[in-house]
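**Q** All chains, full assembly: derive it from the sequences and hints.
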Amino acid sequence: MARMKFYCDAERCIECNGCVTACKNENEVPWGVNRRRVVTIKDGEPGERSLSVACMHCSDAPCAAVCPVDCFYTTEDGVVLHDKDICIGCGYCFYACPFGAPQFPADGAFATRGKMDKCTFCAGGPQQDNSAEEHRKYGSNRLAEGKLPLCAEICSTKALLAGDADVLSEIYRKRIINRGASVLSRGISYQNATLRAPSGLSGKATSKE
Amino acid sequence: MQLTEMSCRPSVAPVSFPLCGIALFFILVFWMIPGSPVNAAEMSVPNPGTDLWRDVRQRSADDMPAATPGIDLWKEMQLRYEGQTPLTGTTQVAGVESGHLINSIGDQWRRFRMEMLVPFGGYVLMGMLAFVVLFYLIRGRVPIQAGASDKVLFRYSLYERTIHWTIASTFLLQAFTGLIMMFGRSYLIPVIGHEGFSTLASLSIDLHNILGPVFLFALVLVFIKFLRRNIYQKGDLTWLLRGGGVIGKKHVPSNFFNMGEKSMFWLLVFVGGTIAISGLIMLFPSFGQGRVIMGLSHVAHGITAVAMTAVVIGHIYIGTVGMEGALEGMKTGYCDLHWAREHHDWWAQRCEDDGKAIHRKDIPSAGSKKASPGLTTGQTAENTAE
Numbered sequence: 202m203a204r205m206k207f208y209c210d211a212e213r214c215i216e217c218n219g220c221v222t223a224c225k226n227e228n229e230v231p232w233g234v235n236r237r238r239v240v241t242i243k244d245g246e247p248g249e250r251s252l253s254v255a256c257m258h259c260s261d262a263p264c265a266a267v268c269p270v271d272c273f274y275t276t277e278d279g280v281v282l283h284d285k286d287i288c289i290g291c292g293y294c295f296y297a298c299p300f301g302a303p304q305f306p307a308d309g310a311f312a313t314r315g316k317m318d319k320c321t322f323c324a325g326g327p328q329q330d331n332s333a334e335e336h337r338k339y340g341s342n343r344l345a346e347g348k349l350p351l352c353a354e355i356c357s358t359k360a361l362l363a364g365d366a367d368v369l370s371e372i373y374r375k376r377i378i379n380r381g382a383s384v385l386s387r388g389i390s391y392q393n394a395t396l397r398a399p400s401g402l403s404g405k406a407t408s409k410e
Numbered sequence: 074m075q076l077t078e079m080s081c082r083p084s085v086a087p088v089s090f091p092l093c094g095i096a097l098f099f100i101l102v103f104w105m106i107p108g109s110p111v112n113a114a115e116m117s118v119p120n121p122g123t124d125l126w127r128d129v130r131q132r133s134a135d136d137m138p139a140a141t142p143g144i145d146l147w148k149e150m151q152l153r154y155e156g157q158t159p160l161t162g163t164t165q166v167a168g169v170e171s172g173h174l175i176n177s178i179g180d181q182w183r184r185f186r187m188e189m190l191v192p193f194g195g196y197v198l199m200g201m202l203a204f205v206v207l208f209y210l211i212r213g214r215v216p217i218q219a220g221a222s223d224k225v226l227f228r229y230s231l232y233e234r235t236i237h238w239t240i241a242s243t244f245l246l247q248a249f250t251g252l253i254m255m256f257g258r259s260y261l262i263p264v265i266g267h268e269g270f271s272t273l274a275s276l277s278i279d280l281h282n283i284l285g286p287v288f289l290f291a292l293v294l295v296f297i298k299f300l301r302r303n304i305y306q307k308g309d310l311t312w313l314l315r316g317g318g319v320i321g322k323k324h325v326p327s328n329f330f331n332m333g334e335k336s337m338f339w340l341l342v343f344v345g346g347t348i349a350i351s352g353l354i355m356l357f358p359s360f361g362q363g364r365v366i367m368g369l370s371h372v373a374h375g376i377t378a379v380a381m382t383a384v385v386i387g388h389i390y391i392g393t394v395g396m397e398g399a400l401e402g403m404k405t406g407y408c409d410l411h412w413a414r415e416h417h418d419w420w421a422q423r424c425e426d427d428g429k430a431i432h433r434k435d436i437p438s439a440g441s442k443k444a445s446p447g448l449t450t451g452q453t454a455e456n457t458a459e
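Protein chains in written order, with the numbering used here: chain Y, 202 to 410; chain R, 74 to 459.
Hints in this document: simulated from the structure, not taken from any laboratory. One or more of the hints may lead you astray.
Calculated pairs, DSSO-like style, for lysine-lysine (alpha carbon to alpha carbon, straight line, at most 27 Å) [to be verified]:
1) R:148 <-> Y:243
2) R:307 <-> R:148
3) R:148 <-> Y:375
4) R:148 <-> R:298
5) Y:338 <-> Y:316
6) Y:375 <-> Y:348
7) Y:359 <-> R:148
8) Y:225 <-> Y:375
9) Y:285 <-> Y:359
Computed list of chain R residues with no C-beta within reach of chain Y, every gap over 10 Å [unchecked claim]:
10) 96
11) 151
12) 174
13) 204
14) 246
15) 258
16) 275
17) 284
18) 296
19) 316
20) 337
21) 340
22) 346
The beta-carbon is built from N, C-alpha and C at its ideal position, and this holds for glycine as well.
**A** Structure follows, in structure tokens:
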């Protein structure tokens, strides 16, 4: 089976937040909850990089390890999902997660935690695929329709990729090789390249398939 | 190119040995002749990239622009992750720590809970239970040696008993619900299933959270009410050194509260206070505290709660089955005179000197509103504690 992963290419991400908006709209997530966010490191400084972060669907998920009610499960595609009917909103997954993926809608009289909400890789939840109940609790189930997560599909620079880890790593490998070839053949790095190539240089760094 | 292909494929028709020898001879001869085509730098090998690769090899690593220029950033991130400093950026998404790219304390917290708190917490509590049972089997119930007296001393007022039982019941319910959430996944899910346990855990966490502020409130009341009688005084060290009378046959004299009870009070104040405050930090995530603070709060909450539960197991043992007459004071407000003489003799002596020992039949019945001797003697109980 495929092992689904997200991959965000920091050399390509332009911090447009299209993925965040697409996710929010597609999954109709509760107020105050964003399943995905774009973090910019060194904002405004040389070497600035942006990354789109959501649940990374870990192979050994810390959230699943610490959950006191054992509400997490991993699908055949390697997507880490949880059952909101089981979740008690204790927040342990939030403490354990390296990526800040679990989100809690402010619920109840004292704005304590509601049931946890996180990225589902657009794969819904334990209910019947694309049922109304599943959509209400977990949002869209695009995987069941044979589509990939909308955040990655909508990414304008194809910085955010989603899909089988083997395919993603192959794409990334090609990108790295092309960037390396660009450095070698032109003696300039990707970082130093200007938006418009100087007229003295010839050739293209990206390969055409 | 052709040569390497041939040498790689044995299936190609083998070149005869003499032919090879002649070729080798000529190569060696040509090599020795300066300026021969074999030695020429401009040898027309069909590999136009050679110069480039040579150039690359000669360039030092510092001059080489990295293929992934962000690599230094990721290295820094890795170092900071291992050094437990979160790498913070900016983000458009509002929320607590949404700018933290990686939560550096999460994995440590996970290891603490799963590999230390849950197993060792279980060992400590089971060990304490086993110790209490063993202690009972060896030592047995501590009797009132002079037998039950027909006279009693007023010990706890209704208010004192109320706050005691409030804090006792909230603590026990919280300990019980906490244990359900701590060990339920291992022991209850296999028995009652995921849905059943989820309902139980949901009720448990709600009860646990609602009782949290009640516990803290009761703790403050207990602290104010019992503080004066729990200040350590002369004689407490002797009590401690003789293990409260366990070491040696003779009873160790003490005041209204003995050294053990005083220690229980201070444990309740400090350890119980830590439990309550760390719990409140986790209970209200809306004040913007981050995962580092909440993770550390959970560590403090877990350790102190297990320790306090173990202490309370001992407290309950000695207050009920462990000692005859110990429960009476906290149940009815009056304690047996002989029990008081044997366990709190300084206090009992003062009460008797003041003529406060009353006959059992003079105890006002519960709920009677006349004269309220409970209240007046209640004040004296505290005054005599000095």
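**Q** Return the numbers of the hints above that this structure violates; sort them in rising order.
**A** The structure breaks hints 2, 4, 8, 9, 12, 15 and 16; every other hint is satisfied.
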